[in-house]
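The numbering used here applies: residue 1 is where the sequence shown begins, and numbers increase by one.
Check each hint, because a few of them may be wrong.
Straight-line Cα separation of at most 20 Å, DMTMM-like style, residue types lysine to aspartate or glutamate; simulated pairs [to be verified]:
{"hint": "1", "residue 1": "Lys140", "residue 2": "Glu17"}
{"hint": "2", "residue 1": "Lys81", "residue 2": "Glu153"}
{"hint": "3", "residue 1": "Lys140", "residue 2": "Glu8"}
{"hint": "4", "residue 1": "Lys81", "residue 2": "Glu117"}
{"hint": "5", "residue 1": "Lys140", "residue 2": "Glu5"}
{"hint": "6", "residue 1": "Lys81", "residue 2": "Glu8"}
{"hint": "7", "residue 1": "Lys140", "residue 2": "Asp22"}
{"hint": "8", "residue 1": "Lys140", "residue 2": "Glu153"}
{"hint": "9", "residue 1": "Lys140", "residue 2": "Asp92"}
{"hint": "10", "residue 1": "Lys31", "residue 2": "Glu90"}
{"hint": "11", "residue 1": "Lys81", "residue 2": "Asp127"}
{"hint": "12", "residue 1": "Lys140", "residue 2": "Glu48"}
{"hint": "13", "residue 1": "Lys81", "residue 2": "Asp143"}
{"hint": "14", "residue 1": "Lys140", "residue 2": "Asp32"}
{"hint": "15", "residue 1": "Lys81", "residue 2": "Glu121"}
{"hint": "16", "residue 1": "Lys140", "residue 2": "Asp74"}
Simulated restraints on C-beta separations [said to hold, decoys possible]:
{"hint": "17", "residue 1": "Leu93", "residue 2": "Arg21", "range": "18 to 28 Å"}
{"hint": "18", "residue 1": "Arg36", "residue 2": "Glu121", "range": "21 to 31 Å"}
{"hint": "19", "residue 1": "Ala30", "residue 2": "Val77", "range": "26 to 36 Å"}
{"hint": "20", "residue 1": "Met68", "residue 2": "Asp22", "range": "42 to 52 Å"}
{"hint": "21", "residue 1": "Gln159", "residue 2": "Asn56", "range": "46 to 56 Å"}
{"hint": "22", "residue 1": "Ser128", "residue 2": "Arg88", "range": "16 to 26 Å"}
{"hint": "23", "residue 1": "Glu113", "residue 2": "Arg64", "range": "37 to 47 Å"}
{"hint": "24", "residue 1": "Asn45", "residue 2": "Ala160", "range": "23 to 33 Å"}
{"hint": "25", "residue 1": "Pro79", "residue 2": "Arg162", "range": "17 to 27 Å"}
{"hint": "26", "residue 1": "Arg163", "residue 2": "Asn37", "range": "34 to 44 Å"}
{"hint": "27", "residue 1": "Ser47", "residue 2": "Leu93", "range": "18 to 28 Å"}
These are computed hints drawn from the structure, not numbers from a lab.
We put the beta carbon where it would ideally sit given N, CA and C, even for glycine.
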Amino acid sequence: MQPDEIAEILARPLSQELLARDLTRLAYVAKDGTPRNVPIGFTWNGSEIVMCTAPNAPKLHALRHNPMVALTIDTEVHPPKILLLRGRAELDLVEGIPEEYLQANGTYEMTPEQRVEWEAEVRSLYDSMVRIVMTPTWAKLIDFETTLPSAVEQLVRRQAERRRA
1 MQPDEIAEIL ARPLSQELLA RDLTRLAYVA KDGTPRNVPI GFTWNGSEIV MCTAPNAPKL
61 HALRHNPMVA LTIDTEVHPP KILLLRGRAE LDLVEGIPEE YLQANGTYEM TPEQRVEWEA
121 EVRSLYDSMV RIVMTPTWAK LIDFETTLPS AVEQLVRRQA ERRRA
């Protein structure tokens with residue numbers, strides 16, 4: 001997929017809405033060769049998805065071995081709105097708590113007092129974290145109104161061709 005195609009998809013209002021959410025599903029291949037899919041907080045900085053995790057997280061060993069990942073950001077309503085992304089994870093060890101980690105948890109409902117307590121707890125727990133940074137190399141937006149999963153799009157095209165024939 002060409003960078004301008006990815007940029008066009010990510011610039012759409014619905015994509016921007018999904019990229020403003022807090023949670024994605026990170027899919028990767030574990031060291032034993034089996035697939036994994038884990039929910040993880042993220043932020044979008046306009047060109048990259050940034051996720052943060054503990055330095056001893058098992059996913060890091062797998063990502064060092066095979067950095068190719070897929071992300072799903074979606075809604076919980078019907079019809080679902082879905083943003084699918086693929087790319088390569090880059091790992092960056094950071095002393096302290098990355099600002100992206102604090103931002104990724106910014107829309108959870110907390111009182112200001114709860115937020116202060118949560119940040120203090122996070123800072124006491126982690127001496128460092130690993131930033132997992134992914135620049136999308138492929139993107140697809142599915143809204144079930146203007147865009148559909150590719151297999152469904154193929155069925156719709158075939159039915160339209162049969163009607164014309």
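| task | Against the structure, test the hints numbered earlier, and report the numbers of the ones violated in rising order. | result | Of the numbered hints, 4, 9, 11, 14, 15, 20, 24 do not hold.
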